[in-house]
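Sequence lines, in order, name chains D and Z.
Going by our numbering, 493 is the number at position 493 of the first sequence; the sequence numbering is gapless.
Going by our numbering, 310 is the number at position 310 of the second sequence; the sequence numbering is gapless.
Hints are computed from structural coordinates only; laboratory data are not their basis.
It is possible that part of the hints are untrue.
What the hints assert, rightly or not - Straight-line C-alpha distance at most 35 Å; calculated DSBU-like pairs for lysine-lysine:
(1) D:314 to Z:158
(2) Z:158 to D:229
(3) Z:48 to D:213
(4) D:171 to Z:48
(5) D:252 to Z:48
(6) Z:48 to D:90
(7) Z:158 to D:298
(8) Z:158 to D:406
(9) Z:158 to D:407
(10) D:232 to D:174
(11) Z:48 to D:212
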Amino acid sequence: MSKKYAKHKIWTVLLVLALGAVLALSGCGGSGEGAKPEAGKTPSGAGEGVQDTLIYGRGGDSVALDPAIVTESESLKIGMQVFDTLLEYKVNTTEIQPGLAESWEVSPDGLVYTFKLRQGVKFHDGSDFNAEAVVFNFDRWADPKSPYKFEGDSFDYYDSMFGPEGSRVIKEVKAVDANSVQFTLNKPQAPFLQNIAMPSFSIASPKAIQEKKADFKSNPVGTGPFVFKEWKRNDTITLEKNPNYWKEGQPKLAKIIVRSIPDNTARFNALQNGEIDLMEDLNPDDAKQLDGNSELVKIERPSFNVAYIGFNLKKKTFNNPKVRQALNHAVNKQAIVDALFAGQAKPAVNPMPPTLWGYNDSIQDYAYDLDKAKSLLAEAGFPNGLPEPLTFYAMPVSRPYMPDGKKVAEAIQADFEKIGVKVNIQSPEWATYLDDLKAGEKDDLYMLGWNGDNGDPDNFLYTLLDKDTIPGNNRSFYVNEELHKVLVKAQVEVDQDKRGELYKQAQVIIKQDAPWIPLVHSTPLMAGKANLKGFVPSPAGMEAYGNIYFE
Amino acid sequence: MNSYIVKRLAILIPVLLGMTLIVFSIIHAIPGDPAETILGDKATEQSKQALREQLGLDKPWFQQYGTYLSELAHGDLGDSIRTRQPIAREMLPYLAATLELTVASMFFAIVVGMNAGIVSAWKRNSWFDYVSMVIALVGVSMPIFWLGLMEQWIFANKLHWLPSIGRMNSRDPVEAVTHLAVIDAFIGGRMDQVWTVIKHLILPSIALGTIPMAVIARITRSSMLEVMDADYIRTARAKGLASFQVVYKHALKNAAIPVLTVIGLQTGSLLGGAVLTETIFAWPGIGRYIFEAISSRDYPVIQSGILIIAFLFVIINLIVDLLYAVLDRRIRYQ
């Protein structure tokens, strides 16, 4: 580059800058001509006629789109649209109903299940859904050496619902004929049908898995109401109508675009501006803005979760159940619900939500009673409160069951202060947080929660509080042999009434031992356009969008 | 000039190598078990162990570093643990999105900031000077998070002038070719979409560009003030040159070097520091890409992401240094 030319270039730059100065000065308020969109009120309006594209706003992206290899709900939500399961949950409940299987029979000993499959169903790639396809899928999940288990994949839900390798519940799956398939179990499993209905056990197209191999997880092919179209990671997932869907009249929409918008308030702004039609995780505080808005509605997801404060029983302080009971008496749950959940939660008594069968509603909660708390502490040998401050881990992330962990922790800190128990709140970054709780060295008490996966109490009580789940989800390191016996017995009992009784008994034991302070069952909030119909939020946190339409 | 460029380029090699070592060491100092984080708390111990072995996480760190370097030398950034996609391919759209946002933000910051600084110096102690320096002071201390949400609330929710999130109208997207949405709209012949895409850029680039804008305005002002007291400016004025020419031609050229330094540094920091803006505006950029990788302990992605940003930072520095040489001939001989 010659020097002369360089000089000219600088001149040009300076002129541009000068021009910019003039523009900046003339348009001083920042509201120059250019700011007006030509499209009128809603920049992304849907055009003429009834809207047939839904834009769904959520907080995070999917990890993978093969529901068999994931455990987190953002991925399974997409699986719900692209795939079907043999059985499914009835809308708005966790009761099961026929899916790809029209009917089923169970042998009297509870060991053989025979499913009659729906006929004439096709996968999105045109291949037939039949007994062979079901066998292919279950074999893929059960066989650790399956050629269709791709590098780094694991079928964790299969392992946790149907037992790890070596102690599988399912012995064999075989095709009786083209349209019936038979499962033989090694031992009876009471929630077997409930488990089969989980989105992780979606039936995928064998042809697509064989052809796409490891790419299948980003190009899913199922029989569901929507056909997978495109995935722009961290941005959008586009799904299009499956014109040959087997459910009469479904899907009603032509297209669904699922957008990741991480910030709750920004997502709500986008909804108000018409850029999205339906959103998840509305801040309880923002919900007030919906009052009197005729274009938008608040949608409540049925509560199917529990948020809790867990005691780390590895720590000596908590060896005495009286200390744990005392702290239970010291938390004003109703005040927390009113102030920090904007009323969108119920105080929790037991470790599972009251909407779940087997819930023991005869159990009385530890009342908010500071005198009682102090006297229990005194009985435990601490008449002046605990001598050492406790380390309280408060959640650094927002979850539907816990929108703002730090504020809740501060409220509890103030409650504890009143009975002479000092706590230091710590909120390390989320991954570290979970690691620390699992190690159980740093925290004295911690905050966490759980949203049910399927409609079975086992998924709350055994998963969270049995001694078998240490290390793992039992982050209180709570061991009670009697409870373990009850929970294991309930796993193999086939009669649901008897199981219900066992779970009620388990809740009595847990209440007495008080390894937790069950805090709240929250009602997660959503918001959407008022003319959006047919959306029924499911308790498990995900639903098929086949029935949604715009009026 | 050429030997200067060659020398500057040669320095890049040890710098880049040092960067890989630093990035690698920092990442391995992060506590926590990546296998558990990646697979989630519902995963079994067996599958976690299998993942650890497969990722080489059970090997000593220097062995992991060696493998990393040799792959890097082959242009292979590795695969993402979470998505199993090659990082080099996966990262491209995010990088493009951030570059687009950075360019728009810096355009805003430079045009508004430099002019505000120049005019403030030119009309020293005038109302314009006071107002723009107060704005600059507020701008520097403005939390991006708050600013972004306020912008959305006013310009999207209340006035409906601009879209609040994303890069384009997702009901009618522009096909990705270069992943720079403005250019893609042109390439696709979607003239109707060009303006839509630009509108999507306005709010996030103001949010992201406000701090650099304020910094640039203040530096430009003080640098200009210094120069404008110099003898040669007085001479130029005495020769009867118009004020505008004196300021924009004679003074600015000599005042530009510190400004250029600041522009370079600010551009670099925008590349990596855009996480908040990208989060609020649901902008699928590299900041969020790395952030997501951090929360899922996706080591290869974190490494590559930081490395790419550091690399761009070094490149920007190089460009700034070369521009110095163009602006001031004495510099290249140092």
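Of all the hints given earlier, name the ones this structure violates by number, lowest first. Violated: hints 1, 5, 10.
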